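Number of protein chains: 2
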Amino acid sequence: MSGVKVIRLPVDLKLAGGGYLPQIDIAYETFGELDRNRSNAVLICHALSGDSHVATGPWVDGVERPGWWEPMVGPGKAIDTQKYFVICSNVLGGCSGTTGPGSTDPATGEPYGLRFPMVTIEDMVDAQAALLDAIGVKRLLCVVGGSMGGMQALAWSRRYPQRVASMIGCATTWRLAPQAIAFNEVGRTAILGDSGFMDGDYPADQQPEHGLAIARMIGHITYLSEESMRDKFGRRLAKREGHAYDFVTEFEVESYLAHQGRKFVERFDANTYLYMTKAMDYFDLAGDAPSLAEALRNVQSRFLFLTFSSDWLFPTHETKEIVDALCQVGAEVSFAEIKSPYGHDAFLLEPEEQTAFVRPFLESVYEKEFAAASSRLKEGDAV
Amino acid sequence: MSGVKVIRLPVDLKLAGGGYLPQIDIAYETFGELDRNRSNAVLICHALSGDSHVATGPWVDGVERPGWWEPMVGPGKAIDTQKYFVICSNVLGGCSGTTGPGSTDPATGEPYGLRFPMVTIEDMVDAQAALLDAIGVKRLLCVVGGSMGGMQALAWSRRYPQRVASMIGCATTWRLAPQAIAFNEVGRTAILGDSGFMDGDYPADQQPEHGLAIARMIGHITYLSEESMRDKFGRRLAKREGHAYDFVTEFEVESYLAHQGRKFVERFDANTYLYMTKAMDYFDLAGDAPSLAEALRNVQSRFLFLTFSSDWLFPTHETKEIVDALCQVGAEVSFAEIKSPYGHDAFLLEPEEQTAFVRPFLESVYEKEFAAASSRLKEGDAV
Numbered sequence: 004m005s006g007v008k009v010i011r012l013p014v015d016l017k018l019a020g021g022g023y024l025p026q027i028d029i030a031y032e033t034f035g036e037l038d039r040n041r042s043n044a045v046l047i048c049h050a051l052s053g054d055s056h057v058a059t060g061p062w063v064d065g066v067e068r069p070g071w072w073e074p075m076v077g078p079g080k081a082i083d084t085q086k087y088f089v090i091c092s093n094v095l096g097g098c099s100g101t102t103g104p105g106s107t108d109p110a111t112g113e114p115y116g117l118r119f120p121m122v123t124i125e126d127m128v129d130a131q132a133a134l135l136d137a138i139g140v141k142r143l144l145c146v147v148g149g150s151m152g153g154m155q156a157l158a159w160s161r162r163y164p165q166r167v168a169s170m171i172g173c174a175t176t177w178r179l180a181p182q183a184i185a186f187n188e189v190g191r192t193a194i195l196g197d198s199g200f201m202d203g204d205y206p207a208d209q210q211p212e213h214g215l216a217i218a219r220m221i222g223h224i225t226y227l228s229e230e231s232m233r234d235k236f237g238r239r240l241a242k243r244e245g246h247a248y249d250f251v252t253e254f255e256v257e258s259y260l261a262h263q264g265r266k267f268v269e270r271f272d273a274n275t276y277l278y279m280t281k282a283m284d285y286f287d288l289a290g291d292a293p294s295l296a297e298a299l300r301n302v303q304s305r306f307l308f309l310t311f312s313s314d315w316l317f318p319t320h321e322t323k324e325i326v327d328a329l330c331q332v333g334a335e336v337s338f339a340e341i342k343s344p345y346g347h348d349a350f351l352l353e354p355e356e357q358t359a360f361v362r363p364f365l366e367s368v369y370e371k372e373f374a375a376a377s378s379r380l381k382e383g384d385a386v
Numbered sequence: 004m005s006g007v008k009v010i011r012l013p014v015d016l017k018l019a020g021g022g023y024l025p026q027i028d029i030a031y032e033t034f035g036e037l038d039r040n041r042s043n044a045v046l047i048c049h050a051l052s053g054d055s056h057v058a059t060g061p062w063v064d065g066v067e068r069p070g071w072w073e074p075m076v077g078p079g080k081a082i083d084t085q086k087y088f089v090i091c092s093n094v095l096g097g098c099s100g101t102t103g104p105g106s107t108d109p110a111t112g113e114p115y116g117l118r119f120p121m122v123t124i125e126d127m128v129d130a131q132a133a134l135l136d137a138i139g140v141k142r143l144l145c146v147v148g149g150s151m152g153g154m155q156a157l158a159w160s161r162r163y164p165q166r167v168a169s170m171i172g173c174a175t176t177w178r179l180a181p182q183a184i185a186f187n188e189v190g191r192t193a194i195l196g197d198s199g200f201m202d203g204d205y206p207a208d209q210q211p212e213h214g215l216a217i218a219r220m221i222g223h224i225t226y227l228s229e230e231s232m233r234d235k236f237g238r239r240l241a242k243r244e245g246h247a248y249d250f251v252t253e254f255e256v257e258s259y260l261a262h263q264g265r266k267f268v269e270r271f272d273a274n275t276y277l278y279m280t281k282a283m284d285y286f287d288l289a290g291d292a293p294s295l296a297e298a299l300r301n302v303q304s305r306f307l308f309l310t311f312s313s314d315w316l317f318p319t320h321e322t323k324e325i326v327d328a329l330c331q332v333g334a335e336v337s338f339a340e341i342k343s344p345y346g347h348d349a350f351l352l353e354p355e356e357q358t359a360f361v362r363p364f365l366e367s368v369y370e371k372e373f374a375a376a377s378s379r380l381k382e383g384d385a386v
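Residue numbers (the numbering used here), protein chains in the order written: chain D, 4 to 386; chain G, 4 to 386.
Just chain D, with the same shape it has in the complex (with noise of 0.2 Å):
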């Protein structure tokens, strides 16, 4: 059996660019129980190439499949599935089950492609709101996200201040700085100029592999970090003793980045690729406030915020902005950097530092927030 649900949201979401879809199916998953309070739901949000399945269990095909965060989300971890109800969901424009661009249009019977309007992170948002509501979550202990998920996260917080308890940020930034957007532009670039891509009307099951290799061995190159890469692959040579004089794949690092760039044409969707990386630009936490600190003025959580010290796709200084424009608003922020090799990738690899922070923050919001639902419950209080 699968873990996979799919619901079909019952309203209309206004998306922040003006598209409009005239049906939202969301994919996602739960793990754990919701408690008598409704106390204890941690909300996950997934990065960009993620999934709703966060922690291990069967996946579409009723086959266990490892979670992408197994190390952090389940029984015993630090968001722990025997105590809090955990619930994940794919993002809107994504490909594996919530509507994006490979889904069908009622209106056309076909595939949207690049006629699937323009989502932002706060579009991901209202619809993760939307599927909360109808599951009957109102409240959430926390948000918690790494990367885009965290960008999802703090949105969540600015948006919906009375819904969430806390959040956790994750390896994540307010804004994307231009390199950062460079480096998603080449990527998109090489997806739309591939021949292969027709304007996003490719078969489903022939995408434009090459495009999208060349804009995930790009993505790796910037999850990594120069003294990771310098440890595991060195200049070392792939299968051989000297140089080809060819070009061929000779490195271990080009043999790396080729399988990365193979692995992900196999799951992945050029189209939704083109979606979230412009999502990710286009996010701005400040939006049209003056300031980062005046955009943040309302929010009523807790804060949790964990960088990497060697992630320079999104580098401790940029979480830093967020923790202070927080503090100029009297937010209770904790924030701590984790020296780590791994570069941006850190938050899927460095699960015992992560849960050195995450565990005590979860426990300690949790008190409080199960302390208030029950007296709200006894007060006879709709929850």
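It cannot be assumed that every hint is accurate.
Which copy? The list can't say, so a pair holds if one copy fits it or any two copies do.
[Stated by the list, open to error] Subject to a maximum C-alpha distance of 30 Å in a straight line, what follows is the list of computed DSSO-like cross-link-like pairs (lysine-lysine): (1) LYS86 <-> LYS381; (2) LYS141 <-> LYS371; (3) LYS323 <-> LYS342; (4) LYS242 <-> LYS266; (5) LYS266 <-> LYS17; (6) LYS242 <-> LYS17; (7) LYS242 <-> LYS8; (8) LYS323 <-> LYS381; (9) LYS323 <-> LYS8; (10) LYS342 <-> LYS381; (11) LYS242 <-> LYS86; (12) LYS86 <-> LYS235; (13) LYS86 <-> LYS8.
Hint data in this document are derived by calculation from the structure and do not stem from the laboratory. As the structure is a computational prediction, the values presented were derived from the model and not from experiment.
Given chain D's structure and the hints, the job is docking chain G onto it.
Here is chain G on its own, set in the frame of chain D:
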């Protein structure tokens, strides 16, 4: 009148990769005059996308064009063409007059394309040495280069220790780190997989534009720094008020990259791009020696290295490794890190800072070299 001369090398070169070229033409330019002592010759080696036109003067079309290192090379400049005899040649494998993959293979009457043999930095240097033989320059006052040009200068000082009185390397390295190889490999993958590449046999006027532009865009990200991108572009939009919510060029940084890609395709050859990046990836100054210091045991020149604080492509710590190795073998080494926000490109953008180091270094070397050459001349020693 064009200042570019082309000379057919009277020798066979033994190429490091085992390939063979039946004839080699070298396009080169000279600026200034060789003095009576033949003690004032300065060889400047160009970087990946450079050519022989290092100083301002007439280009192949006879029209005066600024040199690529114009602020550093010319009358009264740090490399003073009123004092020094400056030679700059297009590298072997290049696309600006020297024999390269776009040249006609005499055996077939067709362009070489990918049948061109792989060339290394050492091969480029050997071709330059043969050129100097042919024009009667036995000894160099200095060999100078930035980036890939610096690699050639390094190779010169190891390979021809008795012909080089000094060398200057700016923003260079003794071997590429895996991250730099990775960026090169993604660029090559973009070119090789472009449907217009035709295994390297594209018509001269029909480049695989898409792939070459992507390679160049990636390159440009690595030539700038995060800091300079923030200063130069920030998150500003190019010629628009609000977001397009479409896959068009929106941010200034995107517009910059697209422009760089387009411009490059007009002036550079995709096959040469493949050969140049591969030559850089292969370069390892230590070669088969047990250590870099061992490899440099026989050097006889003086050295000056300049790095730039925000250069993350060839970062300062890599040059420090060369400096350490040279110190271990008792070489005369000067080294400075110039504080600059301009990243790797700083060697083209910080002439004043570089002049402060290059001018006195060259003057000091010249004084000794001139005196030595004069005394040899007096003694009737053939120079």
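Hint by hint, here is what the structure shows:
1. Taking the shortest alpha-carbon separations for LYS86 and LYS381, only the intra-copy value of 21 Å comes in at or below 30 Å, while the best inter-copy value is 93 Å.
2. In this assembly of identical chains, the alpha carbons of LYS141 and LYS371 lie at most 30 Å apart only when taken from the same copy (17 Å versus 82 Å across copies).
3. Proximity of LYS323 and LYS342 under a CA criterion of 30 Å is satisfied in both settings, with 15 Å inside one chain copy and 24 Å between copies.
4. Taking CA atoms no more than 30 Å apart as the test, LYS242 paired with LYS266 passes inside one copy only; the shortest distance there is 20 Å, against 38 Å between copies.
5. For the homomeric pair LYS266 and LYS17, neither the shortest alpha-carbon distance inside one copy (35 Å) nor that between copies (41 Å) is at most 30 Å.
6. In this assembly of identical chains, LYS242 and LYS17 lie within 30 Å of each other by CA distance solely across copies; the values are 27 Å between and 53 Å within a copy.
7. For the homomeric pair LYS242 and LYS8, neither the shortest alpha-carbon distance inside one copy (44 Å) nor that between copies (44 Å) is at most 30 Å.
8. In this assembly of identical chains, the alpha carbons of LYS323 and LYS381 never lie at most 30 Å apart, being 40 Å within a copy and 69 Å across copies at closest.
9. Proximity of LYS323 to LYS8 under the C-alpha cut-off of 30 Å is found in neither arrangement, the shortest distances being 37 Å within a copy and 57 Å between copies.
10. Taking the shortest Cα distances, LYS342 and LYS381 never come within 30 Å of each other, neither inside one copy (45 Å) nor across copies (65 Å).
11. Neither within a single protomer nor between protomers do LYS242 and LYS86 lie at most 30 Å apart by alpha-carbon distance, with minima of 47 Å and 52 Å respectively.
12. In this assembly of identical chains, the alpha carbons of LYS86 and LYS235 never lie at most 30 Å apart, being 37 Å within a copy and 49 Å across copies at closest.
13. Proximity of LYS86 and LYS8 under a CA criterion of 30 Å is satisfied intra-copy only: 21 Å inside one chain copy versus 78 Å between copies.
Violated hints, listed in ascending order, are 5, 7, 8, 9, 10, 11 and 12; each of the other numbered hints is respected by the structure.
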